[in-house]
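Engineer: Its first residue numbered 0, the sequence shown is counted upward by one per residue in numbering that gives the first Met the number 0.
In case anyone wonders, no lab produced these hints; they're calculated from the structure.
Be aware that one or more of the hints could be misleading.
Unchecked claim - Just the calculated beta-carbon pair ranges, DEER-fashion: (1) 223 - 468: 43 to 53 Å; (2) 242 - 155: 55 to 65 Å; (3) 468 - 180: 19 to 29 Å; (4) 265 - 35: 35 to 45 Å; (5) 47 - 470: 14 to 24 Å; (6) 205 - 181: 23 to 33 Å; (7) 181 - 366: 39 to 49 Å; (8) 265 - 50: 39 to 49 Å; (9) 164 - 132: 39 to 49 Å; (10) 162 - 248: 39 to 49 Å.
For clarity, every value in this text was computed on a predicted model and none was experimentally measured.
All residues carry an ideal CB built from backbone N, CA and C; glycine is no exception.
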Amino acid sequence: MNPGQAWLTHLEFEPEEARMLGLEAEGRKSLARLGEQIDFYRGLCNAGDDEVSPALRRLARLAVRRHERGDEHAELERILLPRIGDMREPEGYVREHVALLREGLERGHVAPIEVLQHFGGHELPAIADSVDAESPWRELAALVEDELIPAARTLGPDRWRLGEAEYAWRVANMGLLHSPAALAELAERSLRTQQRMIAELLGASSFAAAQPRLQEITSERLAPGEVVPAYREANARCVAFVREQGLFELPEAFEVNLTAVPPEMAAVTHAGNAPAPLFGSGGGSFSVLDDAQRHRKAWVAPLAVHEGVPGHYLQSMLWQREFRAAGVAPSFVSIADVLAAERQDWGAMPAIEGWAVYAEDLMLDAGFHEPQQAVAVANFHAIRCARAWIDVGLHCQGMTRERAAQILVEDVGLDPADTGRELLRSIRVPTQPLTYFAGWQTIAKLIADSGLPRAVAHARLLAHGPSLPRTLTG
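Model the full structure from these sequences, guided by the hints.
Structural biologist: Written out as structure tokens, the structure is:
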């Protein structure tokens, strides 16, 4: 077997991933074949680079480890894939999910009570109410409510904490060079830097003194009718600025494709990037929800940078151009959030989210933002720093949720009502909150250490796809 063959076999088990990449694929993912898929992955865990790409080997090791822990038989994030993924016959997948969860229950593998209560109290009731009485979605909702939640309650709270050893293994498996403790320390120091920047930008003596003005800035919303024009103008300014500063070489007729967030996704996001399929036709899009109350005015330009140019939109366009032209298997897997969540595999996120945060910092340093927008960027950075610090703290260092919420309110300036959503992220998808900060720091160091002109360093970095290299000059 060679890396290309291993990748194609992986895609036979993951047809949704194949279609997201723009490839032809029949059928859907089958949980009934999970054992067969895990056996295939076992054969990749210790294979050499001449047999499997490092990224697929990383995914294989994680999948086997999670299967042996019993996590695969208790995973609730799978609910998202048949709802918002490109899945054929989704109800068949849901039936298999029910069977897998029942098998897990018999073996004593049950999701943490906090995760079950979220899905049982928020996600599944809305789905069950929208389907007919015979739908397997109703069976899944009943299983969670009547059997899994009571079973999890007897096992007690806080089982979502991975523990220091497991968390450290996952961080190392993602290819991150720092230990969790070192990343948490670095994140806390960086958070203090962002606090000082916010205070300085607002002419305040301290971050605490700056918080009232910060709240004013981040609470002002766009007016009805302003959403699409505001983002269109911000996207155009981003493209023009990138050209003027020579940060990237853009195609001559380049512009960001702005589209509407579909109604069924309104509860999930108000702004996001749909990446260009690596091997398919057509490009990506920057989608926004035309609901003025969901858009903070000061966040428009920073979001245009993060989701558009030079963030995710540009990144996925350049990847498509690079890998579609080459016509070979990429050295990475699991690049869509819905797939990453289903697998709990966040190994591609340092390159993806890390790049978008690096792009924010790049544009800030280059002078793109007006003062209030610069405050918003620093606030964005503070959130990413806090996520990393808190994720490590909760899973490895005994941090309480009360302490984590205190950090988000007092050290970041988050509204207390928003802390629950941030903490739920660490509970549901551990290590994912770390990837924004860890990826940003890794990318910034790679580019600084390269000694290359920025445009050259950026091009070399992006040529690797969502797998961060060890160096840009080797």
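Engineer: Okay, which hints does this one fail, numbers in order?
Structural biologist: 7
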